[in-house]
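Undergrad: If you want the building blocks of each chain, they are given just below.
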Amino acid sequence: MVPPVPESRRSNNLVIASAVFVVAPVTAPAQAETPLGYLRSFGAMAHAITPLTWGLLIISLVVCVIVIALVLGGIVLKRQAGHITAAIPLMRGGDGAGWVGLGVGISSVVLLGSMIWTVVVLAAINEPPSKPALTIEVTGQQWWWKVRYLSDDPSRILTTANEIHIPTGKPVRVELIGADVIHSFWVPLLSGKTDVIPGQTNVTWLEADRPGRYAGLCSEFCGVQHAHMGFEIVAQSPRDFEAWWNAQLKPAATTGSSVIARGATLFAYRCGACHTVRGTEAGGAVAPDLTHLMSRATIAAETLPNNVGNLSGWIANPQAIKPGTLMPTVYLSGPELNDIRSFLLTLK
Amino acid sequence: MTDAALPLERTGPLPVGPTARRGLGWWGVLCLIATEGALFGYLLFSYFYFAVQHDQSWFPHPLPSFRLAAPNTIILLLSSVAMWWGDRGVRRGARGQLLTGVSLALLLGIVFAVVQCFEWRNKGFAWRAGGYNSLYFTITGFHLMHVAVGLFVLLTILVWSMLGYFSPRRSAPVLIASVYWHFVDTVWLVVFATFYVTPYLW
Amino acid sequence: MTSSEVERTPEIASATTDHGRHLEQIWKTAPGIAGFFSTVDHKAIGKRYIVTAFAFLAAGGIEALIMRAQLTGPSEHLLSPEQYDQLFTMHGMTMIFLYAMPILSGFSNYLWPLLLGSRDMAFPRVNALSYWVYLAAGLFMYAGFAIGAGPNDGWFNYVPYSTRPYDPGLNIDFYSLGMIFLGISTSVGAVNFILTVLRTRAPGMSIDRLPIMVWGTLTASAANLLVVPAVSLAFFLLWMDRQFETHFFDVARGGQPLLWQHLFWMFGHPWVYAIVLPAMGMVSDGLPVFCRRPLVGYTVVALSTVATMILGFGVWVHHMFATGLPNLALSFFSGASFIVTVPSAVAVFAWTTTIWLGRPVITTAFLFFSSMIVLFVIGGVSGFMTAAVPVDWQLTHTYFIVAHIHYVLIGINVFPVVGGLYYWFPKMTGRLLDERLGKWNFWTMFVGFNLGFLPMHLSGLRGMPRRVYTYAEGMGWDWLNLITTIGSFLFAFGVLLLFVNLVASLRRGRIAGANPWDAPTLEWSVSSPPPPYNFAVIPRVASRHPLWEDRLAEGGAVRSSVTRGMVLDHGRETIATTPLDGEPDQILKMTGDSYAPFVLTLGMTVLFVALLRHWWWVVPVSGLAILAALLLWLWPERELDQVAETRS
Chain X
1 MVPPVPESRR SNNLVIASAV FVVAPVTAPA QAETPLGYLR SFGAMAHAIT PLTWGLLIIS
61 LVVCVIVIAL VLGGIVLKRQ AGHITAAIPL MRGGDGAGWV GLGVGISSVV LLGSMIWTVV
121 VLAAINEPPS KPALTIEVTG QQWWWKVRYL SDDPSRILTT ANEIHIPTGK PVRVELIGAD
181 VIHSFWVPLL SGKTDVIPGQ TNVTWLEADR PGRYAGLCSE FCGVQHAHMG FEIVAQSPRD
241 FEAWWNAQLK PAATTGSSVI ARGATLFAYR CGACHTVRGT EAGGAVAPDL THLMSRATIA
301 AETLPNNVGN LSGWIANPQA IKPGTLMPTV YLSGPELNDI RSFLLTLK
Chain B
1 MTDAALPLER TGPLPVGPTA RRGLGWWGVL CLIATEGALF GYLLFSYFYF AVQHDQSWFP
61 HPLPSFRLAA PNTIILLLSS VAMWWGDRGV RRGARGQLLT GVSLALLLGI VFAVVQCFEW
121 RNKGFAWRAG GYNSLYFTIT GFHLMHVAVG LFVLLTILVW SMLGYFSPRR SAPVLIASVY
181 WHFVDTVWLV VFATFYVTPY LW
Chain U
1 MTSSEVERTP EIASATTDHG RHLEQIWKTA PGIAGFFSTV DHKAIGKRYI VTAFAFLAAG
61 GIEALIMRAQ LTGPSEHLLS PEQYDQLFTM HGMTMIFLYA MPILSGFSNY LWPLLLGSRD
121 MAFPRVNALS YWVYLAAGLF MYAGFAIGAG PNDGWFNYVP YSTRPYDPGL NIDFYSLGMI
181 FLGISTSVGA VNFILTVLRT RAPGMSIDRL PIMVWGTLTA SAANLLVVPA VSLAFFLLWM
241 DRQFETHFFD VARGGQPLLW QHLFWMFGHP WVYAIVLPAM GMVSDGLPVF CRRPLVGYTV
301 VALSTVATMI LGFGVWVHHM FATGLPNLAL SFFSGASFIV TVPSAVAVFA WTTTIWLGRP
361 VITTAFLFFS SMIVLFVIGG VSGFMTAAVP VDWQLTHTYF IVAHIHYVLI GINVFPVVGG
421 LYYWFPKMTG RLLDERLGKW NFWTMFVGFN LGFLPMHLSG LRGMPRRVYT YAEGMGWDWL
481 NLITTIGSFL FAFGVLLLFV NLVASLRRGR IAGANPWDAP TLEWSVSSPP PPYNFAVIPR
541 VASRHPLWED RLAEGGAVRS SVTRGMVLDH GRETIATTPL DGEPDQILKM TGDSYAPFVL
601 TLGMTVLFVA LLRHWWWVVP VSGLAILAAL LLWLWPEREL DQVAETRS
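Protein chains in written order, with our numbering: chain X, 1 to 348; chain B, 1 to 202; chain U, 1 to 648.
Calculated directly from the structure, the hints in this document are not laboratory data.
Remember, predicted model here, so these are calculated numbers, not experimental data.
Every residue, glycine too, gets a C-beta built ideally from N, C-alpha and C.
There are no misleading hints in this set.
Quick list of simulated restraints, FRET-style, between CB atoms:
#1 U:L139 <-> X:L72: 36 to 46 Å
#2 U:P168 <-> X:Q319: 13 to 23 Å
#3 X:K348 <-> U:H77: 28 to 38 Å
#4 U:L139 <-> X:V62: 43 to 53 Å
#5 X:G105 <-> U:V503: 41 to 51 Å
#6 X:V259 <-> U:P168: 36 to 46 Å
#7 U:E76 <-> X:A297: 19 to 29 Å
#8 U:L139 <-> B:R95: 43 to 53 Å
#9 B:R92 <-> U:P531: 42 to 52 Å
#10 U:Q25 <-> B:V115: 49 to 59 Å
#11 X:N310 <-> U:G623: 50 to 60 Å
#12 X:L72 <-> U:L627: 51 to 61 Å
#13 U:G35 <-> X:I66: 51 to 61 Å
Using the sequences and the hints given, assemble the complete structure.
TA: Right under this line is the structure:
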C-alpha cells in the first residue's frame, strides 16, 4: 500500500515531471543516436565530470577562435603586396615582447583556474556520495566480462557475464580484476574509465539516476577482438533489481521435452568444459555463465542482438563473427545444433 | 657587411688536436656517462618499484652476504685509484707510473669480474626464480658488461701506452679511460648499496 | 700533409678561389660507390636522413590510408583484425620513431655546421654511424612486417599483451630488438649534436646568438641522452621475459605490468617534445625571414624551449591516469601537465606577434610556418583538456586522443618540416621549389588534414575507442568516419604533390643563388648548394643576424665577417670555441671519410639478427667483430694529432 504523497512534494513532482518531459525528448534521441557520447550524463560520477568537460571544451574553442583570428588577422592585414621576399625591406626588431607577456599571462590565469577546478572535481568523485549499496566484482578477460555480485550471504553470490544489472539511485562499488592482459572498464554515460590490470584490484563506482540501458566497452587495446568486448549496464529500480537477482539465482530447469533434455546433455558434453549452466552438468569456468542466457539482450560481449538467428550463427561459427576469439568453432551437425539451441532458448 | 676585424687578429697560438680536457673525446665520454648513468638509474628504479610493493619477505633469506661483495668493492675501488695514479703519471711524463697504474687497474678489474662470477654461482644462476632474482642478475649483469668493456678499454690503453703513443700533451685517451673506469666503480657502489645494504632498512 | 704540431696561430685571410680549390681537395668525398659508403660529409648524411625519413613517412601514410579504408563505414571486411593490429602498430612506430625524429636529425645534420659557421659536425664518423644504424634498425623492424610478423600491440606495446603467452610470434621480438638498435642511433646522434653546439661554433657566436632551431635540437638531444635508456631498458626487460623467462612483467610470478608503462612513458613523453621542439625552432628561424624582421622575444623563446623540455620530464604519468594511481600522484601530474603548456604559449604568442609587427610575405614556406601556429593551438587545447584527470577518464583511449596526437604531430612536426623544405631546399640543391605547385600543395594538405582530423574530436567525444578494426553502426560515428577517410586521402594527395614538386624542381626548378630569401643566418652566405668545406674562411659572428647587420644596426661597432676569417687548411680542420661566449680556444682536426661506420653497422645488424633468431654462437663472434671495428676506429691517428709528438 503506497502512502499518500504530501502536498508540497506533489508540486515538486509536477515540476520535475514537466522538466523531464521537456528535457527527455531532447536528450533521449540524442542518447539513442550516440549511445557512448559523454557530453551528457546519467549518473552521479558523470554528473560531476561532464560540467568540467564542457567547461574545458568551451575554453578550448574560445582559445582556438582567438588564435585563429589573431593569426589570420595578422596575415590578412599586414601582408605585403609583392611575393619576392628579398624585395621587401627589413624592419628592426627589439619590440613586441610585451604582447607575448600579455598572452602568456592571460593563458596562465586560465590554466591556473582550470587546474583548481580539476583538483576540486577529482576530490569530489574520489568517493561515492553515499555508502555503496552493493559490490560487484568484474573480471576483464579476452574478450568478455565476468560479473560476480558479492553478498554477505554466500548463497546469494551470483555469477553472470557481460550484462551488468545495478539498482538506480545508489552507488555500486566495482572491483576490477584482470585475468590476462590489461583491459579498461568504461561506461561513458555514467562514469570515467578505470583500467583493469592483472596483479592489482582497481576499484571504481557507478551510480545511475534512473532506469535504462547504458552501453559500456573495453577501452584499452587487449588483442584481436578488443573491438568486440562490450558490456551493458542495466539500471533498474531497487525493487526490480532484487527481483532480477532472485531470478538469476535460480538454476536452469532441465525438465521439459526430450529435445531439451537431449540438448542439455549435448551442451554439457560439447560446451560444458568452458561454460557453466547451473542445474546441469556443464560447469566450466573459463567462459561466460549461461544459466540465464536468454535474459540478456545481446551475446558475444555486446556484439550481436540475442535472437535465434544470431545465436545459431554464433554457436556454429564464432570465428566468423569474432575472428581470433577464444571460443573454438566446434563442428556440430544440424540436429546437434538444433538440440543445443533449443536447450539454450529455455535458459530465461 | 664590413670586414672590421678587430678581436679576430689577436687570437694567439691555439692548441691543435685533442688535449686532455679540451678535446671532444672528453666531452663525449661525459655524455656517454650521462646516458649510461641514466640507464642504471632506470634499472634501480625498476628494482625499487618492485621492492616498495613488498615487505622484507620479498628479499632472499638469508639477506645477501657481504662476504664476497664487500672485499670485491674494495678491490674495484683500489682499481680506480690505480688508474687515477696512472693517469697522473702520463701527465707528469712518468711512463713507468702510467704503465704500472694501468696494469694494476686492469689486474684488479679482472679479479673483480671473477669474484662477481663466483657470487653469481653462489646464487645458482637462478634468474628465473622470481622478480628479485630477475632484477639481481639483470642489474649486476649490466654492470658486469660495463666492467668487461672497461677491461677492454684498459687493455687497449695499456697496449697504446707500451707503443709510446702518449705524452703529457697527448694523453686524452688515458683520461677518458680513467673517467669511464671511475664511472663503472661509482655505479658499483650504488648497486652494492642497493642490493646489499638497503634490505636491512626494510 | 700534416705534421704533429702542438700549437699554431691560425692564419687569417680574405677568402679567395685558391682557398676554395685547396679546401675542396681536402674535403671532397670520393665519387661513386666508394664515396657513398664512406662519406662523413654532414650534408650528404643530412640529405640521406631526409630522404629516408620521407620514405618511411610514405610507408606510414599508406598504412594509415589502408586503415582509413577499413574504417570508412561500419562493419567493413577489408582487413582481418590481426592485419589491422599490425597496421596501426606499424603506422605509429613508423611515424614516431622512423620519421618524426630522423627528419629533424636530417635537417639539423645538414644545417648545423652551416648555421654555426663550422666545417663539419663534431664527430663526423659518428654522424655517419647514426644514419646507417637508423636505416638498419628501420629495415630490421620492417622485415618483421614483411614476413607477416610485424609488431601488433600498438606503438607503446603494453604488457602483459606483448609478453610471450599472449603474443608468441616474432612480432614483439622484432620490435624489442629493433628499438634497442634504433636507440643506439638516437643516442650517438644526440652526443654529436650536443658536442657540436657546445664546441664547434664560429668565433663570436655566443650562446645568445644561436638560431632557435639549434636550441631546439640541443634541448631534444640532451633529453634523448637521458631518456632513451628508459625505453631501451623496457624493451630489453621484455625481450628477457620473452626469451629467458625472467619475471619483470608476468604477473603470475611476481611481475609488475605497470613498470612497463612507467619506463615507457618516462621516455615517451620527453620524446614527443623532442620531436617537436626542433621543428618549432625551424618556425622560429624561418617565419621571421618571411616577416622581414627578427623574431619577437628571442630570449624568452629560447628559454621556453628549454623550460618545455625540463617540465616535460615531469608529466609522464598523464598517460596513466586511468591505471588506479593514488589521488595525490594524479593531482601532481595533472598540475604539471597544465603548467607545461605555458612555455608553449610563449612560442605561439612570439610567432603571432612577429607576424603582426612584421611585413608578412605569402610564400609557400610562410603558409606552412604560419598555419602551423593554428594547428599547434588546436592540438594544444585538446591536450589541455586531457590534463584534467576526470575529463581524461572520459577522453583517454578514444578518438579524441587520436585527434590530439595528430594535430600536435602533423601540426608541430610535419607542417614545419614541409615549410622547412620550401625554405631550405634551395640551399640544399641550388634550385627553388615551384611556388604555384607549392600553393596547391599547401591547400590540399591543410584542408585535407583538417577535414580528416577535426571530425575525430567529435567521434572521440561520442565514445569511439582507439585501435578498433571495426565498429558497429548506430553509434553516431558513421558519417564522421566517412569524412575522416575522405580528408585523409585528400591530405595524402597533398603529400603526393609535395613529392612531385620535389622531384620536378630538382631538375627544372629556378636557380636559387646563395640567398634567394634575403635571410640573415650564416648558411645563406655560401653558395647553393654549399661546397664540401662549407666556408672558405671561418666566419666571425657579432650578432644573431649576421647578414642583416648593416640594415638592422645590430651588434654595435664590431661587425660579423664572412669574407675574412681563419683559413684552417692544414688538413680537415675547424675551430673550437668556448661553450658560452664562443671565443676560439682550439684547432680541431676532423676525421675524413671512412668505411668504419658502415662496417660497424653491418656487424651490429648481424648481432641483432642473431639475437632475434637465437643463433647464440653468432652473438659473441659478432660482438668481438664489433669491438675490433671500434678498436680500429678509435686507433690514434698521427695525422689527427692524436699521437704523441715524436722526439727525434
